[in-house]
Structure formats: structure tokens, C-alpha cells
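Read top to bottom, the protein sequences are chains A and B.
Just so we're aligned: the first sequence equals residues 1 to 220 in the working numbering.
Just so we're aligned: the second sequence equals residues 1001 to 1482 in the working numbering.
Among the hints, erroneous ones may be present.
The calculated lysine to any residue pairs, modelled on SDA-like cross-linking and capped at a C-alpha distance of 25 Å, are [as the list claims (entries may be wrong)]:
| # | chain 1 | residue 1 | chain 2 | residue 2 |
| --- | --- | --- | --- | --- |
| 1 | A | 172 | B | 1270 |
| 2 | A | 172 | B | 1183 |
| 3 | A | 172 | B | 1199 |
| 4 | A | 172 | A | 84 |
| 5 | A | 172 | B | 1189 |
| 6 | A | 172 | A | 52 |
| 7 | A | 172 | A | 48 |
| 8 | A | 172 | B | 1196 |
| 9 | A | 172 | B | 1282 |
| 10 | A | 172 | B | 1186 |
| 11 | A | 172 | B | 1262 |
| 12 | A | 172 | B | 1203 |
| 13 | A | 172 | A | 110 |
| 14 | A | 172 | B | 1448 |
| 15 | A | 172 | A | 138 |
| 16 | A | 172 | B | 1202 |
| 17 | A | 172 | A | 8 |
| 18 | A | 172 | B | 1188 |
| 19 | A | 172 | B | 1061 |
| 20 | A | 172 | A | 118 |
| 21 | A | 172 | B | 1214 |
| 22 | A | 172 | A | 49 |
| 23 | A | 172 | B | 1210 |
| 24 | A | 172 | B | 1198 |
| 25 | A | 172 | A | 54 |
| 26 | A | 172 | A | 114 |
| 27 | A | 172 | A | 11 |
| 28 | A | 172 | A | 127 |
| 29 | A | 172 | B | 1058 |
| 30 | A | 172 | B | 1184 |
| 31 | A | 172 | B | 1060 |
| 32 | A | 172 | B | 1195 |
| 33 | A | 172 | A | 117 |
| 34 | A | 172 | A | 108 |
| 35 | A | 172 | B | 1190 |
| 36 | A | 172 | A | 113 |
| 37 | A | 172 | A | 56 |
| 38 | A | 172 | B | 1059 |
| 39 | A | 172 | B | 1207 |
| 40 | A | 172 | B | 1187 |
These are computed hints drawn from the structure, not numbers from a lab.
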Amino acid sequence: MDQLALDVAHLFAGGLVLVSFMLLYQDRMTGIVNTFALHALVVSLSVAWQAYIQHAPHLYITAAIALVVKAFVIPLALHQIIVRLGIHRTIEPVVGVGLTMLAGIGLVALSVMVMLPITATAGTLAREDLAFALSVVLLGLLMMISRRNAVSQVIGFMSIENGLILAATGAKGMPLVVEISVAFSILIALIVIGVFLFRIRERFETVDIHELHEYRGEQP
Amino acid sequence: MTDLGAIAVGTVLTIPAVAAALLALLPDDRTTARLNVLATLMTFAAAAVLFVERPAPGRYLIVDDLNVVFIVLSTFVGVTTSVFSGSYIAHELETGRLTPAYLRFYHAMYQTLMFGMNLALLSNNVGLMWVAVELATLTTVLMVGIYRTPAALEAAWKYFLLGSVGIALALFGTILVYLAAHSVVGEGLDAMAWNVLVERAQAFDPALLNLSFVFLLLGYGTKVGLVPLHAWLPDAHAEGPTPISAVLSGLLLNVALFAVLRFKSIMSANPAALAPGPLMVALGLLSAMFAAFMLYRRHDIKRMFAYSSIEHMGIITFAFGMGGPLANFAGLLHMTMHSLTKSAIFFCVGHIAQVKGTQQMSEIRGLTVSHPVLGWSLALGVVAIVGLPPMGIFMSEFLIVTSTFARAPALAVLLGLSILVALGALLLRLNGLAFGEPLGSDRPATASFVPIFAHLGLVVVAGIWLPPVLVAWFQHVAALLS
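The shape of chain B in the complex, shown without the other chains (with noise of 0.2 Å):
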């Protein structure tokens, strides 16, 4: 029965609209929150219908097996940062950081945010996409700015400016994809849906794809955040409301790393083309190095987990460009471990920076001891993310390395040695922030542990046991990959 997916294909576009819709309306109390909530849970019920049933490849839409890991994962996140921003927007309106004005405009661009996420998610069409992935960088890049702060403004204003430079260079290489497409499929539509293009693409002119590839690997890696196009993600994330540090860590770089395999899979269909991978290594290597070592000079403690995304993200690019089964395998794994593992560092981080008052990691200290659940939290997303094991990261960073010394020995040393350095930091770090003599106020947090419990959780779980079901999927969609 194809029609429950088309159903749920539609309701989870249709929710985040009309509720952004709504809560751009409604007036500001209380409720909008847990209508945000509301509507993000829906959204998640729907997408995960699609696991089941799914509607047959229309013009615009596609749901394959690629793309439903992706939502569903992102649907999911989406639901407890929305749970977690509910009580981290509280405080702000108290402490009068944030205005009931902003408030509506802050839920209406979350669910505009989480609309343009979906459907670049969803599209079976390279424009609609590029579409998407447009609006979701506008939201963001407003909601950034959203404290209206010095440096918020100026966090806003270069991501702004360097989203929209990527953003460009990803319309020219879509434009390149379609004119190798056209002569081959013809004009219209088709030439520019994804699942005509893989089909046919051993015919296109391999030069233009060639050059759009590298138009759209440094388009879509800007929003990546590949070093050296990186420059805006540290301010984003340090500067906006945590919540979208959490959204844009765990979500957003996801949605462009996603963009960037769909027109992999284009480029590995035609034999005569550039072989992606070794492009791919390279930044991914690149970012990961570079995000390690600079990762001891941070004294912004959102700063800091912002440069370990991009360390994450080099390491996941990396794992899609050696490709192989394996590879593709531990890629999805880390990039759904560490989107989970992330924005659970993030929701611990908000609240503590809301109860401390400060994010300079300097004046925290001893979070065990005066916030215990937080701290322990903290400690436990933070050992979760430098791959100790027995988290579900460190199982995802053992195949990668292990998969690359198989086939080249060099690069496995290299991303090893990057993942060791990465780990000295961040516990060098944790060890100050979590122990210790507590500093600062110890005045309790009014957080909301669910998120961060159902996070953690999950990648405790997943690193003792994978899910057959699970295991065998993943195995699927990363033998489609390669």
C-alpha cells in the first residue's frame, strides 16, 4: 500500500509549515513551547511510518533507503532539542535575554528550520534541494543573530556571508550537473531527479561532471564545515542559542554532508569521471587534523565542542570517501552516534553555561560536585565523543581506522593520530570543567534530563549492542553506496 508513505511523506513536510505558521501567529505564553514539542513529535511519528511504507519516486519527492536514515535520525533530534529548548528558552525569557517577540519568531523559525531540513532530505529533484538547504541555512543564520549581541551579530553576519558564498558555488555545480544531464536525458524535469540522473549518469560528459563536483564539494562543504571553509561554525555555534548549536551540529552539517553523497553517488555511476573519494579524503583529513590540534587553544566551552564537530565531520567525510561497504558502514554509524552524542554534550552544555552564567571554561569548575547530574552527563557525553569505548563511537572509530590501515596504511596513522590528539583535549578539558573545587554559582539547574538521558542512552546502547535490524540496514544502505 503506497499510499500510507505518500501520506506521511506529506505529513512530514506539511507539520513543520503550518506550525511555523502557527507559532508565528499564536500569541506568547507557555503553550508555544510545548506546541514546538508537539509538533516535532508528529513529525517524528511520521517519518518513522516511512521506515515501513514508502511511496513510489514521484517528480519532486523521493523517499530511498539513503534518505530515511537521514530523517528519521533528524526528526528524532529534532523532537528532544525541542524538549530541551523548551526549558532553556524559559530561563532565558526570566533572565530577560531573549523578549516574547523574539520568542515566537525564535519557535517559528525553528520549525521553518526543521520544514527546509526535511525537504532537502526528501527531494528527488538537485534544485529543490539546493532550495532547501537555502532556507534552512536562512533560518539558522537569523536565529544565530537572535541575542543581538556584538558578537552574535558578527558570528551571524560571516556565517551569512560565508553560507551564502557556498550556497552559490552549489547552484553553479547544480546547474553543471543539469547541462551534462540534458544532453543525455533530455530537458525538463527529469534532468534533474535524482534517481534518473544515477541511472543514466554513465552517460553524461564526465569533464562537466568533473567540474561540477568540484563546484558543489566546495558549495555544500562550506555548510559542512570542511576546513578551510570552516570558518563560520565556531562562531555560530558558540554564539547562537544553544538549542541551534545543538540543531546545527547534529542536524544541519548532516543535511549537507548528505547533499555532497547524493551527487557522490552520481559521480561513482559514470566509469569516465574523477574518482570523488580522494577528494573527499582529503578534506576530511584535513578537517580532522586541524580541528584536533586547534582544539587546545579554546576557551569558550561551546567553542570548543563546535571544533569537535568539525573534527567529527572530517572523520565522516573522510569514511564516505574511501567508500568500500565497510567504510560506508562506520560513516553512517559515527555520523548518527555522533549527531546523538553531540547534541546531548550540547543540551548539558546549555544548561550549565545558563547556571554558571558564563561559557568561558575557566570560571567552571567542579560541575560533579555542585551539579552532579549534569557534570556526570557532561563527562559521559564527553567520553562518549573522543571514542573510549564501550560508546557507540568508539565502535564507529574502530571500523574506520581499522577498515582504512586494510588499504591505506598512511592516511589510518594520520586519522588516528588526529582521534588521539582530539581525545587528549577534550578530557584535558573535561578533567577541569568536571572536577575539582566547584567555582561559580552552585544555585540548581532547572533543566530537563530527558533529552540527554535519551541520547546518552542510545550511544551507551549502541556501542554494547547494535540491533540486528539495525546492523543489517546500515549494511544495506552503505553496499548502496559503494
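One chain only, chain A, in its complex shape (with noise of 0.2 Å):
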């Protein structure tokens, strides 16, 4: 394959795990939002990327909806909720920004040496993709688990989807059936979260997922 496709693929590759460092050190909520929408719209780039090379025009779809979807119209309608709700205001992470941020370079580091060494049948391009792929999974994690906040639980977990788009176009070939459905699950997954952000505030008035805790079930 052509060196400067690779190098191409590899910029956006790597820009989506930058991106992700980005979300873990968002301090408002609006910030958290923006850096998401920018997360998608270089995966789409990347997918995108991946349909020219790969001369994969089903691909182009994948990238359509990440576009679309996931860089406008999630974004507007996390915009509005956070307006609606009144919680522009700065979000207090479980643990401090540089301990999550050194935590996230181990978890780089971690998917790195766990993939790199067993993908090397599997193609230049699809082994340094999925050592990517799991580091923006990774980072997603570690994003779910250091907030509190709902809005950016979610965030977390549109941007482990954003790294399995990234690792499903780099196997090459594979079916259209993962494509879509990792789109149409986002999407249902979004109506069950507004779903929820609407319960929340009707019983809450609050999004901090700190709140609900007091509601455990069972105290012990």
C-alpha cells in the first residue's frame, strides 16, 4: 500500500486519541460537548480515509452518519439540554486532572504493547488502527469512570463507540452489517439517554449522577 495513505491514516488515527486526551481534561460542559463533536468528526475523517483506500464505498456511509450525527446533531441537542437544565457550570471530576491524564498515557501505552506484537499477520494498517482503536476504547473507560456527571458518562461512551468505528473499517473487508449496526445503536442509545436525562430532571433537577447515588437500592 501507498506509504502516504498509511501516513494519512495513521495522522487520523492518532489525532482521535489526542482528541481523546482532550475529553479527559474538558473542566465545563460545554467544553466536554465540543471536543465530542470534534472526536467525531475526526472519526468520520478517518472512516472516510478508510473508504478511499481501501476503495470501500459502503464505508462512506458509516462516515456520513458519524458526520451528521455525531459531530451536529447529538452535540446540538446535548447543547440544549445543558442550557435547558442550567448546567453550563464547572464539572468536579472523581480524581485530578494530571492523575487521569498520567493514568490515560499508561492505558495508551498498555493497548500499544498489547497490540502492536500479536496483529503483526494482520497488515500494517489494521495493527497500528486497532492499537489506536483501543486506546480511544481505554480512554473512553477511564473518561466514564473519573466523571460523575451523566452528560459526560455519556460523552465517555459515544467515544468508546467512535474507537470501535475506528477498529471495525481498519479490519478490512469486514460486513456492513457492524457499521450500521454500531450507528443505529448509537442512535437508540441516544433515545434511551434522553430518555433518561428527561426522567433525571423531572425527579432530580439535577444531572450529577453524585445525586442519585443517595437512592441506592439498599443501604448497607
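Make one complex out of these two single chains by using the hints.
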């Protein structure tokens, strides 16, 4: 494969990891949502590039879905929710930002060390894409556990889905079923989330998960 | 004649889908609950046909010896649960815990859940199966949160987060399986089809398979409720409507376990890959022991039986992890018996909680005096679930422990210990619940006893006499798995 094509693919995949790091240190609601829009934009560029170099036109659909739904529709909707609920204020992470970033670096190192040796036969493209994709997935998990706030947990989850799309497109020739399913599942997930956010609003006037914890079903 | 089988497969999938749409559209009155029962009954009938006639494996769907057991079991429990759900939901409407609009939503979701589970069991494609499991997860999330109390929302949120992280890990594992397969099988749908994967697995790259299995076990293991990924399970069981607790314990956990088993057979087909057994044995044993000790500290009746489900899923995972014809046979039997018994217990518990107006065990007492039928059914169910003879679970647990003794005595001791600990906890609680001076309301329960009797009857009969046809069938499947 053309060296330039590979380099550009890696540029986008690496860029996605970088944006995942940016998600980790956002301390305002609007900042998180905007960074997520950037995350989705990078993933859609990456998928479109894969479609171009793999001559797989169906991947353009996946790229378009990522662009329209995740870079525009969902961020706009989340902005609406934030404005309506009046939660622009800063959000309190469970652990300090410095520590979270260090943990993130550790996770990226881990995924590179796990993926590179065992994917030696899978071809250069898939190999490094998978290492990056696993990093994005792990960083998304880190984001979900380092934030208490419902909106940022949801964004963490969606960034995991972006990482999975990166992995799925890196696996050459993977049938369309999966790409559609990923996009589809995000839509469903959004419905669920929407329902939840509004129900949570009805009950608590807040979307801070920490307050939900007071309603645990069982006291020790 | 393969045509009949193909029609049956189509019916098993289309009836729940059509019924879901219909139930979502129809105005809400008593007929919807009946329609729900009718739809599940028709699905069960179609599934039963698959025992006799089955179509050739297609590109997306497959019926083989393994999944037909799961399909028939899950459609059967689907029918009985829908009968129970009819009387349960009628009571919830009377007391105003659910509004008619939510009832419509509930029935539509119930059928969507059935569709998701049937699709997951029938799929011949790792990607399609993943989509189906995700669909089933999302519908149950919505149903767990249906009461909209703070506790229900907390439970649904926790379930949603842990479930989706699990499902995300499983998708990553699925992609890795495809990567391992596509260099051997070639690109396209074939590299995701079960029958092709298992056939050609010996040529796959073992390192990729190993990594994929770790992700798949953790991902689907979250849905099975294996410790330490079980945190969602007790909350989801305790706060959702009881029919959903019954379906979760009886069916959805099995479906996730089925996914693990499918991938295990791919792993076993590759001699160079990591043996999947020890991982499953370790997780299974950990779950069984942890849940057994946690049983002692429960105050909420549904939560207690949820922990008991974790314990039993641990035992089943342990049995399949041990492998070999005998342990696999025992695992299949235990899975069937656990589904039947646990859903029967939840049927009882649902009516009890409605009559008493509480789920706190300290406020429920003397059930055999105030509600003899419910009380004795619960007692029978608990006696069955703890594994006392002559019930079916006694037989399967006995087989698991003895077959383990022959191969790894230390593990058998640990497993036996956790079974005994759980037995102590459940009998202790049962004593308080069922006997003594009645406490709380003693108005008669408007219950449908048919589902409870049907399940418990089957469990008792299976403990005394298993039909030779069934034994031969289970042995055949067990041999296939090992």
C-alpha cells in the first residue's frame, strides 16, 4: 500500500487518540460537548479515508452517519439539554486532572504493547489502527469512571463507540452489518439517554450522578 | 423437508416483531395482555417445531443442536412469564403504579425483548448476534426504569452504563475474531459465520483469538452477571417490574452465556489458542462464592434472589469451564432447571410483594398461614433452588460437584462449600418468610398460579425422572461442546 495513504490513516487515528485526551481534561460542560463533536469529526474523516484507500464505498455511509449524527445532531441536542437544565457550571472530576492524564498515558502504552506484537500478521494498516482504537476505547472507559456527571459519562460512552468504529473500519472488508449496527446502536442509545436525562430531570432537578447514589436501593 | 423448518425460524422471529408493533399501536385495555400471551404462545409453538424440522444453515441464521435447546427453553419461559405478567400488571394498574400509556410501552418492549433474544440465539453471524444482544439489553434497561422512582432510575442507569461498557468490550472482541478469521476464510460474511468459524478455527492466529476471548468473556460476562462485573444485576432485579426480573434471571443471562459458549467452541477448535476453560472456571467459582456469602446480608427479597442468580450463573459457567461430556451435560441441565425454578420463584415473589406492599423481608412473615398456596410454592421453589433432593437442581449440582471431584478435588470442595453456604442463607430466610406468625396484609392474592405450578412441576418431575429422549439430547449436545 502507498506510504502516504498509510501515513494519513495514522494521522487521523492518532488524532482521535489526541482528542480523547482532550476530552479527559475538559472542566466545563460546553467544552466537553464541543470536544466530543471534534472527536466525531475526526472519526468520520478517518472512516472516509479508509473508504477511499480500501475502495470500500459503503464505508462512506458510516463516515456520513458519524459526521451528521455525532458531530452535529447529538452535540446540538446536548447543548440544548445543558441550557435547559442550566448546568453550564464546571464539573467536578472524581480524580485530579493530572492523575487522570497520567493514567491515560499508561493506558495508551498498554494498548500499544498489547496490540502490536499479536497483530503482526494482520497487515500494517489494521495493526496500528487497532492499537489506536483500543487506546480510544480505554480512554473512554477512563472518562466514564473519572466523571460523576451523567452527560460526561454518556459522552465517554459515545467516544468508546467511536473507537469501535475505528477498529471496525481498520479490519479490512468487514461486512456492513457491523458498521450499520454501530451507528444504529448509537441512535438507540441516544433515545435511551434522552429518556433518562428527562426522567432524571423530573425527579432530581440535576444530572449529577452523585446525587442519584443517595437513592441506592439498599443501605449497608 | 427443510421448508417447514425455514418457516418456523421465520415465525419465531416475525411474531415477536409484529406483536411489538401491534402492542405499541393498540389502545390499552385488558386485551393487550391477552395478545401478549397469544404472541408468546405462537412463538413457542414455532420454536417447538424446530426440534423436529430444521432448515439448512443460512448466511445469517442457523439452527443447530446447541441453540435449539436454548430457543425452546426461552420461548417456553416467555409464555409462562407473559401469563404471570398479565395478572401482575393488572394489579399494578389498579394500584396506580403504572399508567395505561406505560402499559402499552411495557408490552411492546416485552415483545421486542423476546425478538432480541430469539435473534441472538438463532444468528449465524457474530455481528448480528452482537446487535441482538444489544437490542435485548436496551429494552431491559427501559423496562427496569419503568416505575420512575429514584431507586428504579438509579438501577436502570447503572445497568445501562455497565451493560453498554460490557457490550462495547464484546464488540471489540468480535472485531478481533473477524480479524483472526479473515486472513484464513477471506473477507466478507463467511468470516463472521459461526459454522464457518468453528470449522476453520484451527488455522486462525492463536494470539488474536486469545485476546478476542478475553474481551468477549469480559463483555458478555458482564451480561451473565459474573463477579466482579455483576454490580448492575441486583439493582436491576430489585427495582424493575417482577416479570422482568423473571425474564432477566431466567433468559437473558442464559443468552449471554450462550454467546460465551459459542466463542468457547471456536477457541477449543484451535489447539494453539489459550484453553478457555480455566478462565471460565475461575470467574464462575468467584461468582458462586461471592454471591453465596452476600446472600446473608440481604434485606430485600428480590435482591436476595438476584444474588442467588449470580451464584447459579457462576456454577453454570464453572461447569462449562470444566468441560468434558459429564460437566457439560450437568451445566446444560443446571441452566434449564435454574431458568425454570428461578422464574417460578420470581412469580411467587411478585405476587407476595404486591399483597404485602413491600419487598423488605423483615416485614413479611408467616406466608404459609396467610397465603398457603403462595407460601408453599415459594417454599418449594426455595427448596429446589438450594439444591435439595429430589428436585432437578439437586441432580445437576450433584453431577457438577462429583465430576469435578474426579478431576480437581480442591475446586470441588470450594464449589461444594459455596453451595452449602447459599443453602444455609436461603433456608434461614425462608424460615422467616414462610413460617411463624403472619405479618402484614392478609388479603387474598389475585394471582395466576398456572405458571408457578407449571415450572415447579417440571422441576420436580425432572428431579425424579428425566425422559430418556431429553437425556440423550443433552448428552449429544454436551458431547458437541467438548
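Evaluated hints:
no. : hint             : in the structure
1   : A:172 <-> B:1270 : holds (23 Å)
2   : A:172 <-> B:1183 : holds (10 Å)
3   : A:172 <-> B:1199 : holds (22 Å)
4   : A:172 <-> A:84   : violated (43 Å)
5   : A:172 <-> B:1189 : holds (12 Å)
6   : A:172 <-> A:52   : holds (12 Å)
7   : A:172 <-> A:48   : holds (14 Å)
8   : A:172 <-> B:1196 : holds (18 Å)
9   : A:172 <-> B:1282 : violated (35 Å)
10  : A:172 <-> B:1186 : holds (10 Å)
11  : A:172 <-> B:1262 : holds (24 Å)
12  : A:172 <-> B:1203 : holds (19 Å)
13  : A:172 <-> A:110  : holds (24 Å)
14  : A:172 <-> B:1448 : violated (54 Å)
15  : A:172 <-> A:138  : holds (22 Å)
16  : A:172 <-> B:1202 : holds (21 Å)
17  : A:172 <-> A:8    : holds (17 Å)
18  : A:172 <-> B:1188 : holds (9 Å)
19  : A:172 <-> B:1061 : holds (23 Å)
20  : A:172 <-> A:118  : holds (17 Å)
21  : A:172 <-> B:1214 : holds (22 Å)
22  : A:172 <-> A:49   : holds (13 Å)
23  : A:172 <-> B:1210 : holds (20 Å)
24  : A:172 <-> B:1198 : holds (21 Å)
25  : A:172 <-> A:54   : holds (7 Å)
26  : A:172 <-> A:114  : holds (20 Å)
27  : A:172 <-> A:11   : holds (18 Å)
28  : A:172 <-> A:127  : holds (11 Å)
29  : A:172 <-> B:1058 : holds (23 Å)
30  : A:172 <-> B:1184 : holds (13 Å)
31  : A:172 <-> B:1060 : holds (20 Å)
32  : A:172 <-> B:1195 : holds (21 Å)
33  : A:172 <-> A:117  : holds (19 Å)
34  : A:172 <-> A:108  : holds (23 Å)
35  : A:172 <-> B:1190 : holds (14 Å)
36  : A:172 <-> A:113  : holds (22 Å)
37  : A:172 <-> A:56   : holds (9 Å)
38  : A:172 <-> B:1059 : holds (20 Å)
39  : A:172 <-> B:1207 : holds (19 Å)
40  : A:172 <-> B:1187 : holds (7 Å)
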